[in-house]
Amino acid sequence: MTVTTGATVEQKRIFLRSLRRSLGQLGLDIVHPFAAQSYNATELGQKNPMHTFGQSSTLSFVVGSHKSFWEPFLRQHYPSKFQSEAEAKDPMDHYCERLIPQVTLQALKDANLYSESEGQEHTTTFSVAFSHWRITVPHAGTPPEGSKPTGFVAPPANTLPIQHVAHAAGFAYFNPIAFLNVHPVYGPWFGMRAIVMVDLPYDLSDNELLLITDENQTGTYSRDSKPIDNNPAFERLTPKEIEAQNAALELTKTALLTKGWDARDWKEWVAFRQSLAKDRPDWQRWRYSDDQMRYHYQKESEFLALCAESLQARENSDC
Numbered sequence: 000m001t002v003t004t005g006a007t008v009e010q011k012r013i014f015l016r017s018l019r020r021s022l023g024q025l026g027l028d029i030v031h032p033f034a035a036q037s038y039n040a041t042e043l044g045q046k047n048p049m050h051t052f053g054q055s056s057t058l059s060f061v062v063g064s065h066k067s068f069w070e071p072f073l074r075q076h077y078p079s080k081f082q083s084e085a086e087a088k089d090p091m092d093h094y095c096e097r098l099i100p101q102v103t104l105q106a107l108k109d110a111n112l113y114s115e116s117e118g119q120e121h122t123t124t125f126s127v128a129f130s131h132w133r134i135t136v137p138h139a140g141t142p143p144e145g146s147k148p149t150g151f152v153a154p155p156a157n158t159l160p161i162q163h164v165a166h167a168a169g170f171a172y173f174n175p176i177a178f179l180n181v182h183p184v185y186g187p188w189f190g191m192r193a194i195v196m197v198d199l200p201y202d203l204s205d206n207e208l209l210l211i212t213d214e215n216q217t218g219t220y221s222r223d224s225k226p227i228d229n230n231p232a233f234e235r236l237t238p239k240e241i242e243a244q245n246a247a248l249e250l251t252k253t254a255l256l257t258k259g260w261d262a263r264d265w266k267e268w269v270a271f272r273q274s275l276a277k278d279r280p281d282w283q284r285w286r287y288s289d290d291q292m293r294y295h296y297q298k299e300s301e302f303l304a305l306c307a308e309s310l311q312a313r314e315n316s317d318c
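260 is the number that numbering that gives the first Met the number 0 gives to position 261 of the sequence shown; each next residue is one higher, with no gaps.
Please note: incorrect hints may appear among the correct ones.
[As the list claims (entries may be wrong)] Cross-link-like lysine-lysine pairs, in silico, DSSO-like; alpha carbons within 30 Å at most: (1) Lys239 <-> Lys298; (2) Lys225 <-> Lys239; (3) Lys66 <-> Lys266; (4) Lys225 <-> Lys252; (5) Lys11 <-> Lys252; (6) Lys88 <-> Lys225; (7) Lys252 <-> Lys88; (8) Lys225 <-> Lys46; (9) Lys108 <-> Lys258; (10) Lys66 <-> Lys46; (11) Lys258 <-> Lys66; (12) Lys46 <-> Lys80; (13) Lys66 <-> Lys11.
Note that these hints are calculated values from the structure, not bench results.
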């Protein structure tokens, strides 16, 4: 018989450490814990809530990446090994969709919160929703290999608006004019990949392992799973300067949208993103490389293959 069991404090710590370590090895260095209820309490969340699994405060994560994602991803990019048209169409999304559920499952197993041992079977239910489902039709979700039907549940039927979830979670301020989230440490130079929901209680002590620590000086500043009220990009500006900055953003955005999307104009979109960071030179260190930026906006498979071949050849020659 398969049953769901409670978690001890130590089991939960093992789970969090394993999750963060394994995701970091994949280039997914951002793991922001929060209570699903902080988003569910919002107007959008009431219409399309996250799973809570009956918990009063449900442990959830925003999983993301910054510029350090590029090289770990390129190291495993081999187009000749693609097994589906979907993988070839967007290998970065496929990478995240394939591996984030696997890593979550393994972290639960490491903490003995998910066992397949005969006579000791038990599960901790979890679900994963991906940011790229905002532009595709979200399917039921594919359970990772080694999971049981009772352990992995499909994400909400309607796509979770990850930008609004991130804002409600206290991770990154959503700028409604630029349609971009701004992080206190990374500014606009990061990407959000998935939302993970786990049938475990969220507690502020969970943040000690996943936010700012001696090993993670670049983590988020939020420690309380509450929305960020102020745009970090504007915190050094006067109200008059903020008004002028918002007007400039609106003007540029309107011009770009009126012109229509053309992949050849990607540098104009980069400049728009950069304008959110113009008063914060400390964010410049997190700016994506030119190659990473180009692929982010153009999604050229041939260019991605060249980048991967170049990195792999360079590292092989150093061996």
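For each hint, the structure was consulted:
Between Lys239 and Lys298 the alpha-carbon distance is near 38 Å, which puts this suggested pair outside the 30 Å criterion. In summary, the hint linking Lys225 to Lys239 is supported, as the alpha carbons are separated by about 27 Å, within the 30 Å threshold. Restraint check for Lys66 and Lys266: satisfied, since their Cα atoms lie roughly 17 Å apart, inside the 30 Å limit. A C-alpha spacing of about 29 Å is found between Lys225 and Lys252, which places the hinted pair at or below 30 Å, so the restraint holds.
Only pairs whose Cα atoms come within 30 Å are accepted, and Lys11 paired with Lys252 is rejected, the gap being roughly 44 Å. Using a Cα cut-off of 30 Å, the hinted pair Lys88 and Lys225 is violated, with the two alpha carbons roughly 36 Å apart. About 27 Å separates the Cα atoms of Lys252 and Lys88, which keeps this hinted pair within 30 Å; it holds. Distance hint between Lys225 and Lys46 is fulfilled; the C-alpha atoms sit about 19 Å from each other, no more than 30 Å.
Under the criterion of a C-alpha separation no larger than 30 Å, the hint pairing Lys108 with Lys258 is inconsistent with the structure, at around 51 Å. Distance restraint check for Lys66 and Lys46: the Cα-Cα separation of roughly 34 Å exceeds the 30 Å cut-off, and the hinted pair is therefore not satisfied. Restraint check for Lys258 and Lys66: satisfied, since their Cα atoms lie roughly 29 Å apart, inside the 30 Å limit. Restraint check for Lys46 and Lys80: not satisfied, since their Cα atoms lie roughly 41 Å apart, outside the 30 Å limit.
For the hint pairing Lys66 with Lys11, the CA-to-CA distance comes to about 29 Å; that is within 30 Å, so the pair holds.
In this structure, the earlier hints numbered 1, 5, 6, 9, 10, 12 are contradicted, and the remaining ones agree with it.
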